[in-house]
Structure formats: C-alpha cells, structure tokens
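There are 2 protein chains.
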Amino acid sequence: MSLLVLGSVALDSVKTPLEERHDQLGGSASYAAVAASFFSPVNLVGIVGEDFPEENIAFFQSRNIDLAGLQVVPGKTFRWSGEYLWDMNQRETRSVELNVFENFTPELPDAYRSARMVLLGNIAPALQHHVLDQLVRPHFVIADTMDLWINIARPELERLLARVDMLILNDGEARELTGETSLIKAGKKIRGMGPSTVAIKKGEHGCLLFGDGQFFSCPAYPLEDIYDPTGAGDCFAGGLAGHLASRHLSDAELSEKKEIPFEYLKQAVVEGSVIASFNVESFSMERLRTVTRGEIAERYAIFRSLGRFEDL
Amino acid sequence: MSLLVLGSVALDSVKTPLEERHDQLGGSASYAAVAASFFSPVNLVGIVGEDFPEENIAFFQSRNIDLAGLQVVPGKTFRWSGEYLWDMNQRETRSVELNVFENFTPELPDAYRSARMVLLGNIAPALQHHVLDQLVRPHFVIADTMDLWINIARPELERLLARVDMLILNDGEARELTGETSLIKAGKKIRGMGPSTVAIKKGEHGCLLFGDGQFFSCPAYPLEDIYDPTGAGDCFAGGLAGHLASRHLSDAELSEKKEIPFEYLKQAVVEGSVIASFNVESFSMERLRTVTRGEIAERYAIFRSLGRFEDL
Numbered sequence: 000m001s002l003l004v005l006g007s008v009a010l011d012s013v014k015t016p017l018e019e020r021h022d023q024l025g026g027s028a029s030y031a032a033v034a035a036s037f038f039s040p041v042n043l044v045g046i047v048g049e050d051f052p053e054e055n056i057a058f059f060q061s062r063n064i065d066l067a068g069l070q071v072v073p074g075k076t077f078r079w080s081g082e083y084l085w086d087m088n089q090r091e092t093r094s095v096e097l098n099v100f101e102n103f104t105p106e107l108p109d110a111y112r113s114a115r116m117v118l119l120g121n122i123a124p125a126l127q128h129h130v131l132d133q134l135v136r137p138h139f140v141i142a143d144t145m146d147l148w149i150n151i152a153r154p155e156l157e158r159l160l161a162r163v164d165m166l167i168l169n170d171g172e173a174r175e176l177t178g179e180t181s182l183i184k185a186g187k188k189i190r191g192m193g194p195s196t197v198a199i200k201k202g203e204h205g206c207l208l209f210g211d212g213q214f215f216s217c218p219a220y221p222l223e224d225i226y227d228p229t230g231a232g233d234c235f236a237g238g239l240a241g242h243l244a245s246r247h248l249s250d251a252e253l254s255e256k257k258e259i260p261f262e263y264l265k266q267a268v269v270e271g272s273v274i275a276s277f278n279v280e281s282f283s284m285e286r287l288r289t290v291t292r293g294e295i296a297e298r299y300a301i302f303r304s305l306g307r308f309e310d311l
Numbered sequence: 000m001s002l003l004v005l006g007s008v009a010l011d012s013v014k015t016p017l018e019e020r021h022d023q024l025g026g027s028a029s030y031a032a033v034a035a036s037f038f039s040p041v042n043l044v045g046i047v048g049e050d051f052p053e054e055n056i057a058f059f060q061s062r063n064i065d066l067a068g069l070q071v072v073p074g075k076t077f078r079w080s081g082e083y084l085w086d087m088n089q090r091e092t093r094s095v096e097l098n099v100f101e102n103f104t105p106e107l108p109d110a111y112r113s114a115r116m117v118l119l120g121n122i123a124p125a126l127q128h129h130v131l132d133q134l135v136r137p138h139f140v141i142a143d144t145m146d147l148w149i150n151i152a153r154p155e156l157e158r159l160l161a162r163v164d165m166l167i168l169n170d171g172e173a174r175e176l177t178g179e180t181s182l183i184k185a186g187k188k189i190r191g192m193g194p195s196t197v198a199i200k201k202g203e204h205g206c207l208l209f210g211d212g213q214f215f216s217c218p219a220y221p222l223e224d225i226y227d228p229t230g231a232g233d234c235f236a237g238g239l240a241g242h243l244a245s246r247h248l249s250d251a252e253l254s255e256k257k258e259i260p261f262e263y264l265k266q267a268v269v270e271g272s273v274i275a276s277f278n279v280e281s282f283s284m285e286r287l288r289t290v291t292r293g294e295i296a297e298r299y300a301i302f303r304s305l306g307r308f309e310d311l
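Sequence lines, in order, name chains D and R. Read in order, the letters of the first sequence are residues 0 to 311 in numbering that gives the first Met the number 0. Read in order, the letters of the second sequence are residues 0 to 311 in numbering that gives the first Met the number 0.
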C-alpha cells in the first residue's frame, strides 16, 4: 500500500558544534518520505521553488517516492536555518524564509485521493485539514505536530485531533497540550481528544505508545554521540507510517474494521525509532542514503534485546 | 543468602501537596532493608536513639530483618524533614537533625563479617568504606550514593568506586560525576572508575544498566499518580540487592568466579523497580506493609509486557 506524506520540503542550513552546512535537503516531508521509503512506496505532497536542486528530485525518485503531488512553482524554496548548542539538547532557529511555502495550498492529484494510509507530517494544522478534506476514505491517518502549532494554532489543532487516528508529539508538547505533568496522564488525555493512538517521543529516553487499554514503552537506542538531530522526529513518523503501510496491503480484514492491531503499532514505533537512530548518526540525511535493509533489520533485533529480560 | 544492608535509619517528616506526616519510619537502610526482605533475609547495620519507637523495631523483626547490627544509643534518632512541590518532581529538604548519627561508626557483629552480598546504602562514603574494611571476602558489593556525596566527599567516593562491584545513582548524579551529558557515555565512564556494573535511575523514564559489553534498558511502570516519592531509590537498591542475594544462595559456581550473569542483574533491576513502584503508591512505607508476593510477581509480569514486541 502506498503511503501519502504531507509536509514541508526545505533547504536547511544547519550548524552543530562539529560542522556547518548550507542548503541541505530538509523539511518534514522530505525526512518522513525518505524514512518511509524503506518500507513502502510514498506519494509526497509538498511545494518547492524553481531553485530546488535537480539532484534532490533524482534522490526522491531513486527512493521510489512519487512526486506527482510535489508542486514546483516560481520563486524560492522554503529555507530553515538552525543551530545546535554544544550538548545537542537545545536548538535555536536562526532564520526561517517561507518563500513559496507562504502561499502553499496542497492539492492532491486524483490518484492520491483514495489513499488509505496517511501521514500528515509536521506542518500548519490548516494544511493538514486541507489534505484530509480531499481524501475519499482514509483508513488510518497519522498526524505529527510541534509546539509552534500548539501555541499559534491550537483551535485548528484540536479540531484536527478529532479527525485523526494517531498523534505523534514529544514529551514537552504533550505536557503543553494537556497541562499534565505526568506523561501517562497526558497520553491518556490526548486519546480523549480524538486519536485512538498516541505516541509520545522522549528523545534519549525512548517513546511511549498509548492505545485502547494498551501501553508500550519503546527503549531508545544507546547512542553515545548524536551528530545532527535534525529530522529525527520526521524520520520516526515516516518510518512508523511506512511500516504500517507495508503491513496493511494484504490484510483483508482491514476493509471490515478500523482497528490496527496494537502489536503492529508497537512494531511500527520500533521501526520509526530504528530509522531515526540511523538518521542522527550523520549530518543531514546522509546516513539514510547509505543504510541498508540488512542494517535496519539488525538494529530492529538490537532494539528487541535492549529491554528484554526473562521470566523468573 | 543474607543481605548485609548499611544505611541511615531515620524518623522522617514529609509534606506532599496531599498530606503531611511526622516521625515516619525512614532512612536509606530502613527502606532498602524492608524492600530486600521480600526476597532474602537481611542483616541491618545502622544507628538509632533511645526514642526510636518500639513499633518500628517490631516491624523490622516481622520482616525477617536481623537487628544485631542496629546500634541503639542514648540520644535522639536522626531526623529528616522534606517537602515535595506540586508536581512531585522537586524536593526541598526543610531540616536535617543528625543527632546520634553524628558520631556513628558502624561496627559489624562477628556474624556479619562473612557477608557475601552487601548493599552499602546511601550514606557518607567514609562509613561505606568503614563497613567494607570489616568484611572478610564479600562476593558482590553494591553501593548507592547521591549528589551530596559527589559534592562534599568526592575523593572518598572515587576511592569507594574502586572497591565496589556495582554503583547505583540517578541520571543527574551520573552526569555530575562524569561531566558527560550523554547517559550512555556516563555509564561507560563510571564503569571505568571501578564498578563492573552501573545502574542509572531515570525516575519516570526507567533505568539503564551497564555491564561488560552489555546493556539493558528497564522501562518505568506507567504510574499516573505518585503519592510520596520518599525512599523510592532506596527501595530500588534494596529490592535489587535482595533479589541478587536470593539468587545466589544455591549457586555453587559463585565460589569459583566473581561474575554474576547479566541476566540476573537485569531481573534484579526489574525487581527493584517493582518494589519502588509500589512504594510511591502510598505515603511513607505504608504500601510495603501490605504488598504481597503475589502482587510483586504480577507486577514483574507487567514490567515484562511493557517493552515487549514481536519479531517481524
């Protein structure tokens, strides 16, 4: 099954304590689509300017990412610039140039409207709504978000929650959205706002997954060094959604009931964590250009061993 | 096998947003000994004054805790008073009265000197050394510590690390001790300072365990509410050490080699987490007075399910 991915496509300038690079391929849709492409075909919905490098287009195509939904319009591509402080735990946005993104209205090609598995990547909730409005009968809709939208577009975000099956956000955002200090309470409260499934990302502490009376604690991969955290969250969402899309192509029972087995969701969270853990090992999207299916399977097995212990 | 437990025995006055109580049984040795007593007999080493309530003595005895090493001397028992702020994440010490603790020199009864499994609970490193000096040939020594000793007794603490098999500390303390931001780096660095095994407690995020080329990520129990966090760390250490003591009584191979299988250490970390998760459900040590072996086994099984997922 193809995965529909909406989000930003950007040219990033990133500075870490170790390195600085300009106009790297970035944006939530780029990271998510490439991450998902390890598991399923992807239909990408986004916008770029005429300055968007041809090599990025070729890279997307080499990853089996369909670009019929990528608008190429006059003007400059969205640009983001940020800097990570010495311990990589804090990020400062240095500049944002919206450029062609400012007037972006996502229009789905006809072939995309029947999408069953959908990732509304991190982008303004109004645009996430706009894509949802064009879908005929999506089976499972995953939304990613960030603190910015909680702060400046909360009503649209709350309306969105009632329309999606799964929300992905980080620990600080979950606390901000719910006013709860306890992440356990926050996760349950967000389920009450709409999505039947909630994933709370905790960075170096892994991820919590909340379902209907079900709960999963995914460990973090024990990385000693993070080279560049940019796009880790998008890779997590993309890997997760791509895994689910790959699982559901042949499941006849899906036309009958809405529920995805919690076991599939847990495995998807792990696959997302695996891809994110690779992505932070190198600058920009570099590691995703070389990682193999074999390496992904190997790391999945390591994730299984991280938290495993025997019965007494 | 009996577990030797050194630490403080105190009368605590604790205020939480919900409740305030005075002169509750507290101290690192009290919590650790009671936690360990679910798994093995305990020999407790500590000191109290003549005002120490007889009911606490009776409670220890009812838990199969030997008190030959508990000095009862003229004067008042050590008292600690603290307050938790609304979200239970921050604690303020309101007062400390050392009383009889001020001149405490732990003297082991002869029968204790042959102890094989030892928990040096959270107490001044000089006292931890003093107990070690009296042991004939301990098989596995676990030390618990806290930020206070890193700050005011670092040389003694560093000397202690070279003498123990396992160190338990929390995430902030691990960072402070090593100067590393990454907990993975910190855990490995502490192993290089002496202990072959290191457990880093992360509160609501669980616990990391570092061994020789081995690693374990223990999830946290998904508690919605914490009633009183006092003693959680001591219960973790005590449950862990008690479990190890219970495992090793009959293991003939232990006289031959020093190493405890990493699988035993993982299971011990889980048992410690189980006891700590019960302890924070009620005020003071209340929950440990009622919890049953069956409830402990049940929660161990829940811990197993928290992070479990299938192969693909």
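Among these hints, one or two may not hold up.
Here's a subset of chain R near chain D, in silico, CB distances under 7 Å, partners left out [unchecked claim]:
1) Leu66
2) Gln70
3) Val72
4) Leu84
5) Asp86
6) Gln89
7) Thr177
8) His204
9) Gln213
10) Phe214
11) Pro218
12) Glu223
13) Lys265
14) Gly306
Taking lysine-lysine pairs in the PhoX-like style, the calculated list, with each CA pair at most 25 Å apart, reads [stated by the list, open to error]:
15) D:Lys184 to R:Lys14
16) R:Lys14 to R:Lys75
17) D:Lys75 to D:Lys14
18) R:Lys201 to D:Lys184
19) R:Lys201 to R:Lys184
20) D:Lys201 to R:Lys184
Rather than coming from a laboratory, the hints here were simulated on the basis of the structure. Idealized CB from N, CA, C, for every residue including glycine.
Hints, verified against the model:
1. For leucine 66 (chain R), the suggested interface contact is broken, since its CB lies about 29 Å from the closest CB of chain D, more than 7 Å.
2. The interface hint given for glutamine 70 (chain R) is violated, since its Cβ lies 36 Å from the closest Cβ of chain D, which is over the 7 Å cut-off.
3. Interface restraint check for valine 72 (chain R): the shortest CB-CB distance to chain D comes to about 40 Å, outside 7 Å, so the restraint is violated.
4. Given the 7 Å rule on beta carbons, the hint for leucine 84 (chain R) is violated: about 11 Å separates it from the nearest Cβ of chain D.
5. The restraint placing aspartate 86 (chain R) at the interface with chain D holds, with a minimum CB-CB distance near 4 Å, inside the 7 Å limit.
6. With 7 Å as the threshold, the beta carbon of glutamine 89 (chain R) stays out of range of chain D, its nearest partner Cβ sitting at about 11 Å, so the hint is violated.
7. This hint is violated: threonine 177 (chain R) has a C-beta 13 Å from the nearest C-beta of chain D, more than the 7 Å allowed.
8. At a threshold of 7 Å, the smallest CB-CB gap from histidine 204 (chain R) to chain D is about 4 Å, leaving the interface hint in force.
9. Among the interface hints, the one on glutamine 213 (chain R) is violated; its C-beta lies about 10 Å from the nearest C-beta in chain D, farther than the 7 Å criterion.
10. The closest approach between the C-beta of phenylalanine 214 (chain R) and any C-beta of chain D is roughly 6 Å, which is under the 7 Å cut-off, so the hint is satisfied.
11. Because the smallest distance between the Cβ of proline 218 (chain R) and any Cβ of chain D comes to about 4 Å, under 7 Å, the interface hint for this residue holds.
12. The restraint placing glutamate 223 (chain R) at the interface with chain D holds, with a minimum CB-CB distance near 5 Å, inside the 7 Å limit.
13. Evaluation of the lysine 265 (chain R) hint against chain D yields a held restraint, the C-beta minimum of about 4 Å falling below 7 Å.
14. Checking glycine 306 (chain R) against chain D: minimum C-beta separation of about 4 Å stays under 7 Å; hint holds.
15. The suggested pairing of lysine 184 (chain D) with lysine 14 (chain R) holds, with an alpha-carbon distance near 23 Å, which does not exceed 25 Å.
16. Restraint check: the Cα-Cα separation between lysine 14 (chain R) and lysine 75 (chain R) comes to about 22 Å, which is no more than 25 Å; the hinted pair holds.
17. For the hint pairing lysine 75 (chain D) with lysine 14 (chain D), the CA-to-CA distance comes to about 22 Å; that is within 25 Å, so the pair holds.
18. About 18 Å separates the Cα atoms of lysine 201 (chain R) and lysine 184 (chain D), which keeps this hinted pair within 25 Å; it holds.
19. Of the pairs offered as hints, the one joining lysine 201 (chain R) and lysine 184 (chain R) holds, with about 15 Å between alpha carbons and a cut-off of 25 Å not exceeded.
20. The straight-line distance between the Cα atoms of lysine 201 (chain D) and lysine 184 (chain R) is roughly 18 Å, inside the 25 Å bound, and the hint therefore holds.
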